[in-house]
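**Q** Using the sequences provided together with the hints, build the complete structure.
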Amino acid sequence: MIESLGLLGSGFLLCLTPINLLCAFLGVFLGTLAGVLPGLGISGTVAILLPITYGMDPLTALIMVSGIFFGAQYGGAITSVLVNIPGEATSIVTTFDGYPLARKGMGGKALGIAAISSFIGGTVGLLFLTFCASWLARVAVSFGKPEFFAIVIFGLFVLTNVGGKKKVKSMIMLCFGLLLGCVGLDDVFGTLRFTFGNTNLYGGINFVVFVMGVFGITELIKTVSIKEDKGDILSFKFRDLYPTKEDFRKVWKTIARGSIFGFLVGLVPGPGSILATFGSYGIEKKLSKHPELLGTGVLEGVAAPESANNASMYAQMVPLLSLGLPFSSSVALLMSAFILHGITPGPMLITAHPEIFWGLIASMFIGNIMLLVINLPLVGIWASMLKIDFAILMPIITIITFTGGYAINNRVFELGLMVVLGFIGFFLNVTGYDLAAACLGVFLCGTLEDSLCGTMTLYHGSLIEMMANRPVAAVILLLAVFIVLFTSASSLRAAVKKRLKKRMDSAQE
Amino acid sequence: MVRRMRAGGSERRQDAGFHNRCDMEGMVIMKKEALLKQTSRIVAVCVLLFAVVAAYYSSQLSFGKWSQPGPGFVPILVSVLMGVLSIADVVMEFRKDAVAPEEFANINWIRFFLFSALCLIYVVLQKQIGFLLDTVICLFLMIKVAGIKGWIKPVLVSVLFSAFVWYVFTQLLKVPLPSAAWL
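Chains as they are written, first to last, in the numbering used here: chain A, 529 to 1037; chain B, 888 to 1070.
Derived from the structure by calculation, the hints contain no laboratory data.
Note that the Cβ used here is the ideal one computed from N, Cα and C, for glycine as well.
You may find that some hints are simply not true.
One side of the interface only, derived from the structure: several residues of chain B facing chain A at Cβ under 7 Å [unchecked claim]:
{"#": "1", "residue": "ALA941"}
{"#": "2", "residue": "VAL965"}
{"#": "3", "residue": "LEU972"}
{"#": "4", "residue": "CYS1006"}
With a straight-line cut-off of 25 Å between C-alpha atoms, the simulated SDA-like cross-links for lysine to any residue are [as the list claims (entries may be wrong)]:
{"#": "5", "chain 1": "A", "residue 1": "LYS1026", "chain 2": "B", "residue 2": "ILE997"}
{"#": "6", "chain 1": "B", "residue 1": "LYS1031", "chain 2": "A", "residue 2": "LEU921"}
{"#": "7", "chain 1": "B", "residue 1": "LYS1040", "chain 2": "B", "residue 2": "ILE997"}
{"#": "8", "chain 1": "B", "residue 1": "LYS1061", "chain 2": "B", "residue 2": "VAL1023"}
**A** Right under this line is the structure:
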């Protein structure tokens, strides 16, 4: 524990240089700026802004990327409160009370509480992350291919079976992503797959290009072609941004509950963050003395989802930092940013390069503080961003996306790929297919193939033999099977109930 | 009298023409609506076709053995799984009533196709006319397609912003952007 704190201190020393602080500020600033815009989402924002970090020193780049990541998160809360449009899926719950508060003329207070809840939730999440990730990474050093295979299968099964209604479509998209991840020269066997003689495909489909296509271009096309009512931008008073002692007394318990609950639920692969926001709001409704007031504009209704949301974001980084396995598209993008700068997250990171691990944790602390200290007074700028005509803004973002896409490998071919993926992504998205599952498929294909083939070779093609010899992998795999069976049984039961009710109704008629 | 009759005749003809046009437009709208309602089914069938094609090309790769997997091991398993799931998806889509996806109601299709086409043209022209000229032209057209009226604002934004992006990427970030050989 003391050793960890000492290492964290040295991480802070590495991070606290003027250039790093400036980059943290720029990252938070740009992230919030892009997060305020509709549609892009955290993944799209990070993908578009990633090229800015290309020429930077790895730690500085990581500080900036973390700033972008958390800034984008806060951007979603601003639009939820002031315009009733959640910038991200994780900000939906914030609209329930944030917008009614703004309508009552308490928008400033709602934004202030949102920022402070995010900060506290983030700090609690970060503290848990520091100890969980370092502990899990030490355990994971002894993991072999069977354990990694089991963890990937577990993560993907949970991802496609928890949260969403359209499980089959999510599974299909996961397979779609895995197949696209197979394109190119395969690392295990050295064979060319699905390249059709095109040399541009030999290196495979770049993950950042894929995300820019299916999240960036898809959303840009959608925003330009679907006319949405922007709604009234409600005004707020700047002096309200900093809550009073009385306000804080009202919400501190809510923030504490939201932070702890958010972190625990955030560990669920995939939609963990979304579940955390809805869950913490539900808990608040149950524990509140006046549950009927939630939804009419009370500060607790903003504090609960915002603290849970930020704590869960850090929880999602636990598998990333300790195992090198991301289970949400935005965290996968963060991992690709790390790899781009020569840092591979995983069990070896903390043991072989502790300075980078602790530097990274310290950079997240700095980003979190920056978000509160510098970002809050700039709320006026973010609100004015919403007044800019999207018809000008969207084409400009399209150009930035393409230029950023070109900067990855300096290849025009990849820009064409982005357009094609954006076009396909548009139709898949509006017909209810889960593009985030496809993203994870592309990203995790290599790990899945490597661990699966390794396991099959090691245990003579028998998963039973593997499970008999590897108890940890066996428990994880059985848990995955149990979750699939449980969710399938419950949806089957719901379908049978629905059909029976329909029949009863028609019989009564 | 004759003039009145002629006038009446032309009015009737105009009326008939108007009704015919209305019928035609009505039919086009109905056809469009029917197509939109079928979109989920069409997309589900396309996804199934993708799985079939992927399975075909995967089968050209060596599967190996269960104890010694080959390069086709994962693609074959995944494409077969995707095929089975896609069949289930298609069946489910055809069993429920065809409903147009919610977001389709507000789509401006002309804008959708023009904007998508402009994105493609922008990419194709990068090497032909170079980044700067391509960006100025396509950004201007994208702004117009997105619905900005007038000329001064789109021209100013496209010229100034293109120059800004070019400066940031080539001079500050040292990223070489495509340039036309003849420029």
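**Q** Find the hints from earlier in the document that the structure breaks and name them by number, from lowest to highest.
**A** 5
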